[in-house]
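Q: Take these sequences, add in the hints, and give me the full structure.
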Amino acid sequence: MLSLGALAFATPWMLSLLVALPVIYWLLRLLPPAPKLVRFPAIRLLLGLEPPERTPVRIPLWLLLLRLLLVTLLIVALARPLLNPAAELGGQGPLVLLIDDGWASAPNWSVMQRHAERLTERAERANRPVAIQSTAPAALDDVQPKHGLLRPEEARAAIRALKPKPWPTDRAAAVAALQKLNLPTPAHVVWLSDGLDSKDLQAAAERALKLGSLEVIRPESSRIALTLLQPEAGGRELKVKALRAAGDGPRRIAVQGSDDRGAIVARTMLDFAPTATEAAATIDTPTELRNRIARLDIEGQSSAGAAVLLDERFRRRPVGIMGESQTASGQPLLQEVFFLERALEPYAAITIGDRTALLGQRMAIILVPDNASPGSDDRAALNDWIEKGGILVRFAGPRLAASEDELVPVKLRQGDRALGGAMSWGQPAALAEFPATSPFAGLTIPPDVRIQQQVLAEPGPDVGDKTWARLTDGTPLVTGEKRGQGYLVLIHTTANTGWSNLALSGLFVDMLQRLVQLSRGVAGEGTAQQLKPWRALDGFGKLGAPPLGTLPLPPDAMQTFRPRPVTPPGLYGDQSAQVAFNLGGRVDPPAVLGSLPSGVATDRLSEEGETDLSRWFLAAALILLLLDFVIALLLRGLLPLPGRRLGRAAGAIVIAVGLAIAVSPGDVQAQQPQPKAPPTQQRPQQQPPSPPPAATPTQPKPGDDALLRATLETRLAYVITGNREVDEVSRAGLEGLGEILRARTSVEPGDPIGVDLEKDDLRLYPFVYWPITPDQPAPSVAAAANIDRHMKSGGILFLDTRDQHITLGRGGTNADLKRLLRTVDVPPLVAMPQDHVLSKSFYLLSDMPGRWAGGRLWIEAGNGRINDGVAAIIVGANDYAGAWAMESAGRGMFPVAPGGENQREMAFRFGVNLVMYALTGNYKDDAVHLNDIMQRLRR
Amino acid sequence: MVVTPTLTDAARLASALPPLLVAAQRVATTVMQGVHGRRRVGQGDAFWQFRQYRPGDAINRIDWRQTAKSRAVYVRETEWEAAASVWLWRDGSPSMDFSSGRSVPTKKMRAEVMLLALATLLVDAGERVALLGGGDRPASGRGVPRRLVNALTESAVLGANASVPPQVPLPAHGHVVLIGDLLDPLESLEAVVRHYAAHGVHGHLLQVLDPAEEDLPYDGHVKFSGLEHEGDHTIRKVEAVRDAYHARLVAQKEGLARIAQSVGWTWRAHRTDRPPETALLSLYMAMADTGRR
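So the protein lines, in turn, are chains A and B.
Quick note: the first sequence uses my numbering, first residue 341, plus one each step.
Quick note: the second sequence uses my numbering, first residue 13, plus one each step.
It should be emphasised that the hints constitute simulated quantities derived from the structure, not laboratory data.
Think of the CB as a built atom: it goes at the ideal place given N, C-alpha and C, for glycine as much as any other residue.
Please note that the accuracy of each hint is not assured.
As the list claims (entries may be wrong) - For each label pair, taking beta carbons as the anchor points, the in silico distance ranges come out as:
| # | chain 1 | residue 1 | chain 2 | residue 2 | range |
| --- | --- | --- | --- | --- | --- |
| 1 | B | S115 | A | Y365 | 38 to 46 Å |
| 2 | B | G113 | A | A1083 | 45 to 53 Å |
| 3 | A | A972 | B | T41 | 45 to 53 Å |
Unchecked claim - If you want a taste of the chain A side facing chain B, the calculated C-beta under 10 Å gives, among others:
| # | residue |
| --- | --- |
| 4 | K376 |
| 5 | V378 |
| 6 | R379 |
| 7 | P381 |
| 8 | I383 |
| 9 | L386 |
| 10 | G388 |
| 11 | L389 |
| 12 | L975 |
| 13 | R976 |
Claimed, not checked - Distance condition first, Cα-Cα at most 30 Å in a straight line; then the derived DSSO-like pairs of lysine-lysine:
| # | chain 1 | residue 1 | chain 2 | residue 2 |
| --- | --- | --- | --- | --- |
| 14 | A | K376 | B | K81 |
| 15 | B | K235 | B | K265 |
| 16 | A | K376 | B | K265 |
| 17 | A | K376 | B | K249 |
| 18 | A | K520 | A | K486 |
| 19 | A | K539 | A | K520 |
| 20 | A | K1099 | A | K1158 |
| 21 | A | K1180 | A | K1264 |
| 22 | A | K550 | A | K581 |
A: Structural data, given as C-alpha cells:
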C-alpha cells in the first residue's frame, strides 16, 4: 500500500509501468498516424509525385498527449487507487472492538457504527476473528450480545444491534469483562471512544494494553456530545445551561423547547465563548407558552444528555387571588393580597380579581384571603370549579371565624370568635413536623414561626386524615379535602401578619408553592412516596415506555439519582404527576479524553470509508479510448461528417447534456400536479396601487429609480422591524413564497423588498407583510398616515404577531400590536368567516397555518363600499414567514409544528391565496355569481 | 449479364431523367436568350435582305417584284441555314462519378447537363444532333434531347464507359463536341483528335474538372485511390507536391490546347463549381464561329 495523502494505491508496483511512458511516447512519435483515404479521379497526375523532403509524418502533439494520458490512466487504474485509504489493521491476533455506547456516543453513533463495520471488514480481509465489547452497562431489555470471538457476519450483526444507552460508560468493568473472555493473545484492541474522559480511563487503557495493542479512535473535539443541564426556573424565564467537553473556539447552538405533543414552542441560542466549556441563555416566553414546554433539546444533538425533561417545578401556573388590588385600602403593605402576591410572584402568574373575573380565565389555583370571603352564590360557583379540578385555598381570619361558611374542608367550631379567649395557650404555638402524607412533607420548619391565633376544627373522625399541617399541640393548621377532582384547602390562620408570623417566613413561600404544585396532583418533589417509572429516555433522547424491570425511585431520589440501567433518566410518578429526572447534571461534567498510556495509537473517527477509484480511472480511460478511435477515424477521413459539422454536433450534444443536467432537478417539481394558472383578470381598483398622479407636496418624492424598482415587477414587501433576524426571516419567507408563486401561478413576483414605514411609500406595494416584534418603535404620525394611505388605496397589510395566538383572540390582545397600531386608523376587525374569499382565492383551504397551526385570522370587518369590501388589514399569529422561509436546498429554514411538511405546504397555499387576494380582490367571490351575471347580460 | 428491367428500375429512370432534362432545358434557355440565328447570308428559306444587283449574281436570284418597285435591280438574299450535323460525346467512365463536396455536382452530371443543353440549343437552331458512337444518324426535332437522354442511360452506345472517345467514321464537315475530364494520356487523346480531323471533322473539346482536381485541397498524410483501378498512391505530405501537381495539370491542359489548335479545334476548361451557362454559351458561340468559316 502506497499512500499519498488522501490517495493510496493497493497494488503500487503497477505504477512502475509508468516508467514505460517515455518509451510509449517515443513509439507514438515514431509511428505516423494512418493516412487519410481520398478517392481521387486525377490520380494519374499524382502518380510518381513524392514530396521533396523526407521528414517522417509526425503525430500531432495533442493527440500524442491524449494517448499518453490514456495509458497513464490505465496504469493508475491497474494500481487500484483508493481515496481516503484506511490504514492497514494494526497489531496481531483477533480484533477486539471496545465500543463506547454511553449517552455521549449518541450524536456520533451512526459514524461509530460505520467505522466499526469498516474495521470488521478489514479484519475479515485479514482473516482475523472479531470480539465486541460495549463499555456501558447493558440495558434491561437488551438482548445480551454474544461474547467471545465472532465470525465477521456475527460481528456486523452485533454492531448493528448495539444502541447508545442513556447512562454513562463503565470502562473499567468493560475491560474487566474483556479479560474474562480469555481471548488469545496478543490481540488488537480498537477502542471506539465517545471522546469523553472518565476517571477509570487510565487504568482501563493500561489493562487493555495488556491484551496486546490498543488503538483509540476519538471523534473531533467539536463533535463530542454536549450536555444540557436542568434549567433554573427564575422569575419569568427559564435559564438554560449547556456544557461541552472542550473549549475549542466559539460555537453557537440552539436549544428548543417543545410541548408534550412535540410542537416547538420556544427556541433560544446559546453561545460558547472561545475557551469556555459552558454556555447559558434564558428562554423568555409568555407564561402560558412556557407552561407548555415539556422538554428542552439541543438542536441537532439527539442524545439523552442533550435532552432535559421538565416537570411541574419548571412551570409557572396561573394563580388567582380573590380580592381587590391592594391600592384600594389605606395600608397596602398589611393587606393579605400583598403578602400572597409577594410570596407567589416569582413562581406563578398572578391575577387579582373577583370571582367572576377569576373563573372566567383558566386558573390552576385560587387563593381566597379572609377579607374576600365569598358570598353564597360565589361559594356554589367555586364549589363547582373545585369539583372540576380546581384548587381553592382559603385563609382564616376574623370574617371566617365570624361567619357560617360551609366551603371549608373540616367543620369549624362554631362561635362568633375563634375561641380566642377559651384557648389556654401559654405562649404562641409552633408548627409540628409535617405528616408524611401531607403535600408539605419534607419542608423544613423554621424554629421562630409562631401562630398566635387560629380557627379551630370541630373534632371529628376524619379531621386527622384531612390535616396537612398541625401545631405542636396537635390542632390542625392546614386542612385539605379532595372534592371531585380538585382540592379545598383551608389555612387556619391569616395570610398576613394579623394572627401569626407565618406569612413572614420562607416556609410560607414553600407551602404556597407546594399548594401550587398540587394543581397537578399531590405527588411532588420530596414526597415520601416511591416514584414509579412512568416514561424513560432512550440513548437518543427519545421518550418511551420504561423497560421492564426499571426500579421505582426512593423518596430521596432528588439528591441521589444517578442514571443507571435500572433507573434510566425519564419521568417518574404516575399519570397525574410526574417528576423529571434528567441525565444532565447527574453525570460527571464532560471533559476531553485525557492522556493515554504510552504505546496507545490514536485515530480519528471518520465518516468516509475508502473509495476504490480504479473503476473511475478505467471509465475515463475507456472514454479516452473511444475519443481516440473517433479522432483516428476523423483523421483518416472515414467519418461521413465533415469536421465542422461534427464540431457543431458535438456542441449540440454538450448543450443538450448541459440542459438535461440543468433541467433534471426541476423534474421533481414538474411531476407534482400543477394547479391551473389563476385568472389573471384584475379588478381595476385592486391593481397594485400606482404612484400618485401628482405628487403631493408634503410627501417626500422617492427617486425615479426607487419607483421603477418597486413597480416594474410586482414585489412583495415586508416591514423592516429593525430586528435583523426577524427581517431576514421575513425576506427569506417572502422569497420562498415568491418561488412558489412563480412555480404554480402566473404571478411572477420580483425579489421581496423591505420597506421602512417612515420613509417608503407603501402604496407601491399591493401586499405588505408586517411581523410584530416587541422592540420595534411605534410608527410616527407620518408613518401612520402612510399606512392609512396604503390601506385606503387598496393595499393589503398583513400583520403577524408570531406568537401562536397566545395573545390574540383569547380575551387578551397583543400589547405590541396595540402599541404599534395606536396611531394608525385601524378599521374594526372580526374573526375571518369560514367562507371568506381568502379560503378560496386560489386553493380551497379550511385553515390557514403558518409555522404554527390553529387560531383564527382577524380581518377588517366587511364594508362593501370601501375597496369593494376587500379587507385592507389581516392579522394572524402563526409566524407565516417562518414557514415560508426556505434554505437554498429547498428545505424549510425552521421546523413547522405540529403538522410538519404537510403543514408547510398548507402554509404556502395560504400564502398563495393571500397574494392572490391582494392582487385580484374579491374576484373569486364574484366568480360565484358568474351564472347570474351572464343570464342578466343575455336578457 | 442480362439486366431485367423491373418496374422499380423503370420508375427510377423515369424519375431521374426529367430533372436532367429540365436542368439542361433551363441552361439552354438561359443561353438562347443571347443567341439569335446565324445572322449571316447563306442558303436557307428565311428572307434575310435585299441587295442591289452586282455583276456576277445569278439572274434567277433577282427579285423581280422588288426590282419593279424601283429603278435599281435587287437581289433577294436568304439567311444562311445550312444544317450541320453535330456528334456529341461525354466521358462516361467511373472517374467522372466524382464530386468533392455536397454542393458540387459530379463531373458526369455536369457533363451530361452540358451535352443535353447543347443538344437542345442546336436542335432549336435547326442542326442535326447525334451521340458519337451511338450508331444513330444525326436527327433534328424537339424530341431529340429526350432520345439522347435515353441513349445516355443505355450502355448500348459504343464506348459509353470509356474515358477516351471512340474512333468511328464520320462524314466530312461534321462537328464533334467531346465533353469529359480529358485527363488521359495526351497521346491517346491526340490520336482521336487526329482521326476526326483527318476526316475533315470540326471539333470542340470541353474539359470538365472538379475544383478538387484543380486545387488539390488536401494536407498531410493522404492515401489517394483512383476510381478506375489505377491503384493507390500515398503521399506523406500533400502540400509539398501541390505545385508539382499543378504543373502537371497545366501541362495536360496546354497539351490539349496545343492538340486542338493544331487541327483548328477549340479547347475549353470548365469547373463544376462554376455555373454551366457561361461555358455553354462560349462553346455555342465557338461552334457558330466554326460554322462561319
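Q: Now tell me, hint by hint, if it's right for this structure.
A: Okay, the hints, checked on the actual structure:
1. Restraint check, S115/B to Y365/A: a C-beta distance of roughly 42 Å satisfies the suggested window 38 to 46 Å.
2. In this structure the hint that G113/B and A1083/A lie 45 to 53 Å apart at CB holds, the actual value being about 50 Å.
3. In this structure the hint that A972/A and T41/B lie 45 to 53 Å apart at CB holds, the actual value being about 50 Å.
4. Checking K376/A against chain B: minimum C-beta separation of about 5 Å stays under 10 Å; hint holds.
5. Residue-level restraint check for V378/A holds (minimum Cβ-Cβ distance to chain B is 5 Å; threshold 10 Å).
6. Annotation: interface hint on R379/A holds; nearest CB of chain B at approximately 6 Å, less than 10 Å.
7. For P381/A, the interface hint holds, the least distance from its beta-carbon to any beta-carbon of chain B being 4 Å, beneath 10 Å.
8. Interface hint at I383/A: satisfied, since its Cβ lies 4 Å from the closest Cβ of chain B, which is below the 10 Å cut-off.
9. Taken as an interface hint, L386/A checks out: its beta carbon lies about 5 Å from the nearest beta carbon of chain B, inside 10 Å.
10. For G388/A, the interface hint holds, the least distance from its beta-carbon to any beta-carbon of chain B being 8 Å, beneath 10 Å.
11. The beta carbon of L389/A is positioned within 10 Å of a beta carbon in chain B (closest approach about 4 Å), and the interface hint is therefore held.
12. Hint status for L975/A relative to chain B: holds, with the closest Cβ pair at about 8 Å, below 10 Å.
13. Hint status for R976/A: holds, given a least beta-carbon distance of 8 Å to chain B, under 10 Å.
14. A C-alpha spacing of about 81 Å is found between K376/A and K81/B, which places the hinted pair above 30 Å, so the restraint is violated.
15. Of the pairs offered as hints, the one joining K235/B and K265/B holds, with about 25 Å between alpha carbons and a cut-off of 30 Å not exceeded.
16. Among the hinted pairs, K376/A with K265/B is consistent with the structure: their alpha-carbon atoms are about 28 Å apart, no more than 30 Å.
17. For the hint pairing K376/A with K249/B, the CA-to-CA distance comes to about 11 Å; that is within 30 Å, so the pair holds.
18. The suggested pairing of K520/A with K486/A holds, with an alpha-carbon distance near 14 Å, which does not exceed 30 Å.
19. Straight-line distance between C-alpha atoms of K539/A and K520/A comes to about 22 Å, which keeps the hinted pair within the 30 Å bound.
20. Annotation: proposed proximity of K1099/A to K1158/A holds, straight-line Cα distance about 22 Å (limit 30 Å).
21. Our distance criterion of 30 Å between C-alpha atoms is met by K1180/A and K1264/A, whose separation comes to about 7 Å.
22. As the CA atoms of K550/A and K581/A are separated by approximately 41 Å, the hinted pair breaks the 30 Å bound.
Checked against the numbered hints given earlier, the structure breaks hints 14, 22 and satisfies all the rest.
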